[in-house]
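Protein chains in written order, with the working numbering: chain A, 1 to 304; chain B, 1 to 324; chain C, 1 to 262.
Source of the hints: derived by calculation from the structure; they are not laboratory data. Misleading hints may appear alongside valid ones.
Rough simulated footprint, nothing fancy, chain C against chain B, three-plus residues with beta-carbon under 8 angstroms [claimed, not checked]:
{"#": "1", "segment": "183-195"}
{"#": "2", "segment": "198-211"}
{"#": "3", "segment": "217-229"}
{"#": "4", "segment": "263-271"}
Restraint ranges, calculated between C-beta atoms of paired labels, are given here [as the list claims (entries may be wrong)]:
{"#": "5", "chain 1": "C", "residue 1": "SER141", "chain 2": "B", "residue 2": "MET323", "range": "17 to 27 angstroms"}
{"#": "6", "chain 1": "A", "residue 1": "ALA181", "chain 2": "B", "residue 2": "ASN155", "range": "51 to 61 angstroms"}
{"#": "7", "chain 1": "B", "residue 1": "SER107", "chain 2": "A", "residue 2": "GLN101", "range": "19 to 29 angstroms"}
{"#": "8", "chain 1": "B", "residue 1": "MET323", "chain 2": "A", "residue 2": "LYS219", "range": "35 to 45 angstroms"}
{"#": "9", "chain 1": "B", "residue 1": "TRP34", "chain 2": "A", "residue 2": "PRO189", "range": "49 to 59 angstroms"}
{"#": "10", "chain 1": "B", "residue 1": "TRP34", "chain 2": "A", "residue 2": "LYS300", "range": "34 to 44 angstroms"}
{"#": "11", "chain 1": "A", "residue 1": "PRO121", "chain 2": "B", "residue 2": "MET323", "range": "35 to 45 angstroms"}
{"#": "12", "chain 1": "B", "residue 1": "LEU317", "chain 2": "C", "residue 2": "ALA15", "range": "51 to 61 angstroms"}
{"#": "13", "chain 1": "A", "residue 1": "ALA250", "chain 2": "B", "residue 2": "MET323", "range": "16 to 26 angstroms"}
Think of the CB as a built atom: it goes at the ideal place given N, C-alpha and C, for glycine as much as any other residue.
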Amino acid sequence: MFFRQRAASSIALLATLVVGASAACSAPKTERRPQAVAFVRDDFGDTIRVGAPARRIVSLNPVTTEMLFALGAGSRLVGRSHWDLYPAAALAVPDIGNAMQPNAEAVLGVHPDLVVVYASPSNRAATVQLRKAGINTLAIRDDHIADIRRTIELLARALDDTAAGKILADSIEKSLAAVSARPRPAKVPTVYWHVWDTPILTIGHGSYLDELVNIVGAKNIFGDLPEPSPQVTLEEIVRRNPDFILVGPASAKKLRESPLWRSVPAVRDGRLLLVDTLLVGRPGVRLGEAARSLRALILKDTVR
Amino acid sequence: MKPRVYVALLIALALAALAGLALGPVSLSPAAVWSALFGHGDPNAVSIVQALRLPRIALGIVIGAGLGMSGAALQSTLRNPLAEPYLLGVSGGAAVGAVAAVSLHYSSLAFLPIAAFAGALLAVTLVLLVARAAGARGDPRVLLMAGVVVGAFANAAVMVLLAGESADSVRGALWWMMGSLSDATWQGTRWIAIYVGIGGVLLFALGREIELLALGEDPAAALGVDVERATRRVYLAASLLAAVTVAGAGLIGFVGLVVPAIVRALGARSVRSAMLGAAIAGGALVVGADVVARTVRAPAELPLGAVTALIGVPFFLMRLRRMT
Amino acid sequence: MIRFDDVVLRYPRSARAAVSHITLDAPRGAITAIVGPNGSGKSTLVRALLGRLLPESGAISLDGTPIAQLTRLETARRVALVPQREEPAFPLVVRDFIALGRYAHGGVWSGETPADRAAIAQAAERAGVAEYLERRTVELSGGEWQRVRIARALAQGGDALVLDEPTAFLDVAHEMAVFELLDALAREKRAVLLVSHQLNLVARFASSIALLHAGTLAAFGSPDDVMRGDLLERVYEWPLVVSRDPAVGAPVLVPLRHRAPR
Numbered sequence: 001m002f003f004r005q006r007a008a009s010s011i012a013l014l015a016t017l018v019v020g021a022s023a024a025c026s027a028p029k030t031e032r033r034p035q036a037v038a039f040v041r042d043d044f045g046d047t048i049r050v051g052a053p054a055r056r057i058v059s060l061n062p063v064t065t066e067m068l069f070a071l072g073a074g075s076r077l078v079g080r081s082h083w084d085l086y087p088a089a090a091l092a093v094p095d096i097g098n099a100m101q102p103n104a105e106a107v108l109g110v111h112p113d114l115v116v117v118y119a120s121p122s123n124r125a126a127t128v129q130l131r132k133a134g135i136n137t138l139a140i141r142d143d144h145i146a147d148i149r150r151t152i153e154l155l156a157r158a159l160d161d162t163a164a165g166k167i168l169a170d171s172i173e174k175s176l177a178a179v180s181a182r183p184r185p186a187k188v189p190t191v192y193w194h195v196w197d198t199p200i201l202t203i204g205h206g207s208y209l210d211e212l213v214n215i216v217g218a219k220n221i222f223g224d225l226p227e228p229s230p231q232v233t234l235e236e237i238v239r240r241n242p243d244f245i246l247v248g249p250a251s252a253k254k255l256r257e258s259p260l261w262r263s264v265p266a267v268r269d270g271r272l273l274l275v276d277t278l279l280v281g282r283p284g285v286r287l288g289e290a291a292r293s294l295r296a297l298i299l300k301d302t303v304r
Numbered sequence: 001m002k003p004r005v006y007v008a009l010l011i012a013l014a015l016a017a018l019a020g021l022a023l024g025p026v027s028l029s030p031a032a033v034w035s036a037l038f039g040h041g042d043p044n045a046v047s048i049v050q051a052l053r054l055p056r057i058a059l060g061i062v063i064g065a066g067l068g069m070s071g072a073a074l075q076s077t078l079r080n081p082l083a084e085p086y087l088l089g090v091s092g093g094a095a096v097g098a099v100a101a102v103s104l105h106y107s108s109l110a111f112l113p114i115a116a117f118a119g120a121l122l123a124v125t126l127v128l129l130v131a132r133a134a135g136a137r138g139d140p141r142v143l144l145m146a147g148v149v150v151g152a153f154a155n156a157a158v159m160v161l162l163a164g165e166s167a168d169s170v171r172g173a174l175w176w177m178m179g180s181l182s183d184a185t186w187q188g189t190r191w192i193a194i195y196v197g198i199g200g201v202l203l204f205a206l207g208r209e210i211e212l213l214a215l216g217e218d219p220a221a222a223l224g225v226d227v228e229r230a231t232r233r234v235y236l237a238a239s240l241l242a243a244v245t246v247a248g249a250g251l252i253g254f255v256g257l258v259v260p261a262i263v264r265a266l267g268a269r270s271v272r273s274a275m276l277g278a279a280i281a282g283g284a285l286v287v288g289a290d291v292v293a294r295t296v297r298a299p300a301e302l303p304l305g306a307v308t309a310l311i312g313v314p315f316f317l318m319r320l321r322r323m324t
Numbered sequence: 001m002i003r004f005d006d007v008v009l010r011y012p013r014s015a016r017a018a019v020s021h022i023t024l025d026a027p028r029g030a031i032t033a034i035v036g037p038n039g040s041g042k043s044t045l046v047r048a049l050l051g052r053l054l055p056e057s058g059a060i061s062l063d064g065t066p067i068a069q070l071t072r073l074e075t076a077r078r079v080a081l082v083p084q085r086e087e088p089a090f091p092l093v094v095r096d097f098i099a100l101g102r103y104a105h106g107g108v109w110s111g112e113t114p115a116d117r118a119a120i121a122q123a124a125e126r127a128g129v130a131e132y133l134e135r136r137t138v139e140l141s142g143g144e145w146q147r148v149r150i151a152r153a154l155a156q157g158g159d160a161l162v163l164d165e166p167t168a169f170l171d172v173a174h175e176m177a178v179f180e181l182l183d184a185l186a187r188e189k190r191a192v193l194l195v196s197h198q199l200n201l202v203a204r205f206a207s208s209i210a211l212l213h214a215g216t217l218a219a220f221g222s223p224d225d226v227m228r229g230d231l232l233e234r235v236y237e238w239p240l241v242v243s244r245d246p247a248v249g250a251p252v253l254v255p256l257r258h259r260a261p262r
């Protein structure tokens with residue numbers, strides 16, 4: 001409560017720190033104070049005090065875990081989610097369990113001074129619980145390529161190392177630009193991105209993967225659907241007849257063996273492209289690498 | 001039942017099947033559908049019609065027939081016009097069996113019905129035990145209460161089985177629990193049809209016993225029925241049918257409730273004619289409901305079980321009002 | 001033809017036997033009646049005949065064959081039984097209902113044979129229900145319903161007919177019609193075994209009466225042997241007198257007011 005009131009009175013002074021925040025997210029802002037204490041607005045719209053660099057961090061999101069390592073704070077991590085598997089050093093960090101609806105008690109058990117969670121409604125309750133327990137909890141919604149810089153700079157603030165944040169964000173943008181600068185092919189290949197099969201889920205407009213597909217010079221056949229992960233029917237996939245199907249290794253086997261999926265020409269003709277879902281799946285520090293691998297996969301074009 | 005009623009039911013089934021062929025998230029002209037049926041024209045249309053819509057209609061007919069026959073037999077045997085596999089918790093039990101099999105990686109459609117069958121039998125036994133413990137096996141409401149309780153228990157068991165799975169698998173399992181024909185293939189449909197055929201023949205063979213059980217246990221015994229044995233056999237066959245439908249298309253409620261009632265209203269005099277009529281009408285209802293499920297929110301699909309529940313629940317309430 | 005021989009019956013998980021040491025015989029060509037107060041064990045004997053309760057000791061036999069050695073089907077071909085209460089779960093057409101009596105005579109897939117049709121028509125004629133064969137069971141009056149059920153038992157065939165309170169809820173005329181029908185059936189060499197509360201009618205029509213009292217046989221003999229004031233007063237625990245009907249000559253039971261009217 002105290003923090004909130006202070007923040008409200010000083011909102012006019014808040015400086016914009018982030019470029020290109022998406023429409024879905026409010027732009028976090030910070031305020032420099034003489035004693036290096038700052039306030040940031042997180043993606044739940046709450047104002048969090050950061051300043052004294054965090055020493056014991058729990059990150060329950062593969063993207064932020066990756067970023068914290070890239071920012072040189074890997075050794076300060078005392079907990080991660082079950083799904084945070086990169087970099088390899090992350091595996092040595094204690095597994096706290098779910099990333100969604102995390103177990104607040106397990107988080108408190110490792111005595112963090114900063115917890116980073118994904119800002120989804122299902123994480124709201126745990127966030128409130130952790131804050132009630134006096135733990136600084138930062139909820140970040142990083143759904144888009146444009147969120148990467150913002151996310152990195154938020155984390156860098158919490159680590160009190162904004163210079164490192166700027167270097168990291170700049171390098172990610174540079175490597176991405178190298179891919180997007182490549183020439184668009186004369187005929188843009190169309191792709192269907194297979195996310196899940198019961199029910200069939202794919203990527204729609206406004207998802208990070210749809211952005212990535214466009215950047216590498218291809219076109220998502222369901223890019224016209226507004227939801228980020230729309231449910232679609234097999235019939236519609238047959239009709240839209242993609243040139244390629246992008247699929248993770250586990251699902252690829254299922255697709256190849258299913259008599260149903262054989263009605264999709266791209267499956268029948270073996271135009272399945274195996275995607276490294278761990279690398280490509282999330283907008284993180286390896287975005288440039290992800291874009292390069294996707295460009296090579298779809299357009300057989302190796303970007304140096 | 002008069003032959004012309006069967007003809008009318010068959011026409012309804014044919015119309016539902018035609019709608020299933022012609023309508024879908026992708027709109028095809030009748031001419032395109034017609035030539036695609038024979039493998040001509042746009043290869044994508046051929047794929048859509050032959051590989052996606054036809055097996056889906058076939059599976060819908062088989063599932064509907066199974067649910068209809070199962071409901072008709074259970075209603076007579078339990079002497080309860082509200083009895084049907086879903087409300088009795090039998091389908092829920094089958095779902096537990098199927099989910100257990102899948103989580104142990106036995107998910108072929110040859111085996112899945114057997115696992116579902118085991119779960120369904122367990123549920124039937126449990127329902128009858130609960131109803132008997134309540135001391136009123138004859139009271140239709142107590143039986144339904146027992147069914148609802150066992151169904152809730154089955155739901156809980158499924159959740160426990162899924163607890164260790166990833167969010168995506170849980171979402172997949174929940175989707176399947178709401179019923180869907182979207183996984184229909186010819187190969188899977190063949191297995192389901194074989195099992196439904198076995199269950200259907202068993203129930204028809206028991207037709208005369210079911211007829212007498214509908215009079216009550218004492219009259220049935222007086223007329224020569226071995227009540228315990230006949231009842232057990234009906235539960236076995238009806239549970240097999242329910243389990244197979246669950247293995248093939250997930251939980252689809254209320255078809256077994258609505259369809260036998262319609263057929264009786266149309267003048268089915270004997271249990272066998274009610275079962276035959278319910279098999280045809282069940283196919284028509286499921287195929288028709290599936291057309292609704294895959295067109296109203298295209299390209300997304302509604303769960304089929306949700307569509308049948310939207311039809312079935314008002315019907316259930318009407319019946320309940322008339323009963324009490 | 002139907003014989004109970006020193007039969008003891010006990011319900012599962014019950015400490016006390018429901019009936020003990022009952023010996024009685026229902027011969028062909030006569031009406032044999034089982035009477036007694038509520039809870040005296042009458043319906044328990046019927047359940048045992050249905051094979052729904054097995055004797056703890058003693059035997060129930062048909063023409064000397066214990067029913068324990070017969071299948072339900074074999075028993076049903078010999079003994080047609082009309083249970084006390086019956087309500088079809090779904091309404092039936094009367095003719096279909098009577099046809100269900102032929103269950104024990106058909107196979108799994110066999111349809112209605114000419115013999116079945118003849119038996120159904122004859123039974124309907126005999127029970128006087130031929131004119132409403134196409135009505136539905138829910139549309140019948142109480143009297144019609146009882147006659148339809150008797151018709152089904154007649155279609156079932158066999159030499160023995162067992163009825164559990166066939167005249168409950170019937171008015172005088174319908175009651176008499178049922179008893180006259182049973183009398184005529186008995187004269188055709190059938191064994192008729194009847195459970196009834198109608199002591200006075202039973203005394204007029206039955207050849208012998210078994211009087212049950214708290215699960216035991218208080219008396220078994222001719223109406224004159226059983227319709228004794230002292231005996232009935234003890235069994236029914238109510239003051240009564242037995243006189244003789246001046247018109248028909250049968251013994252008549254007249255219950256008295258417990259306290260003399262002021």
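Verification of the hints:
1. For the segment 183-195 of chain B, the proposed coverage by chain C is not satisfied: 0 residues have a C-beta within less than 8 angstroms of a C-beta in that chain, short of the threshold of three.
2. Counting residues of the segment 198-211 of chain B whose CB lies closer than 8 angstroms to any CB of chain C gives 3, which reaches the minimum of 3, so the coverage claim holds.
3. Counting residues of the segment 217-229 of chain B whose beta-carbon sits less than 8 angstroms from any beta-carbon of chain C gives 10, enough to reach three: the coverage restraint holds.
4. Judged by the Cβ-Cβ criterion of 8 angstroms, the segment 263-271 of chain B is covered by chain C as claimed, because 3 of its residues qualify and three suffice.
5. Distance hint check: the CB atoms of SER141 (chain C) and MET323 (chain B) are about 23 angstroms apart, consistent with the given range 17 to 27 angstroms.
6. Under the hint 51 to 61 angstroms, the C-beta atoms of ALA181 (chain A) and ASN155 (chain B), about 54 angstroms apart, fit the expected range.
7. Checking the proposed 19 to 29 angstroms range against SER107 (chain B) and GLN101 (chain A) shows it holds: the Cβ atoms sit about 28 angstroms from each other.
8. Taking 35 to 45 angstroms as the suggested C-beta distance range, the pair MET323 (chain B) and LYS219 (chain A) does not conform, at roughly 58 angstroms.
9. Between TRP34 (chain B) and PRO189 (chain A) the beta carbons are some 33 angstroms apart, a value that contradicts the proposed interval 49 to 59 angstroms.
10. A beta carbon spacing of about 41 angstroms between TRP34 (chain B) and LYS300 (chain A) agrees with the range 34 to 44 angstroms that was offered as a hint.
11. Checked against the given bound of 35 to 45 angstroms, the beta carbons of PRO121 (chain A) and MET323 (chain B), roughly 43 angstroms apart, stay inside it.
12. Range check, LEU317 (chain B) to ALA15 (chain C): about 45 angstroms between beta-carbon atoms, so the 51 to 61 angstroms window is missed.
13. At about 50 angstroms, the beta-carbon gap between ALA250 (chain A) and MET323 (chain B) misses the expected band of 16 to 26 angstroms.
Violated hints, listed in ascending order, are 1, 8, 9, 12, 13; each of the other numbered hints is respected by the structure.
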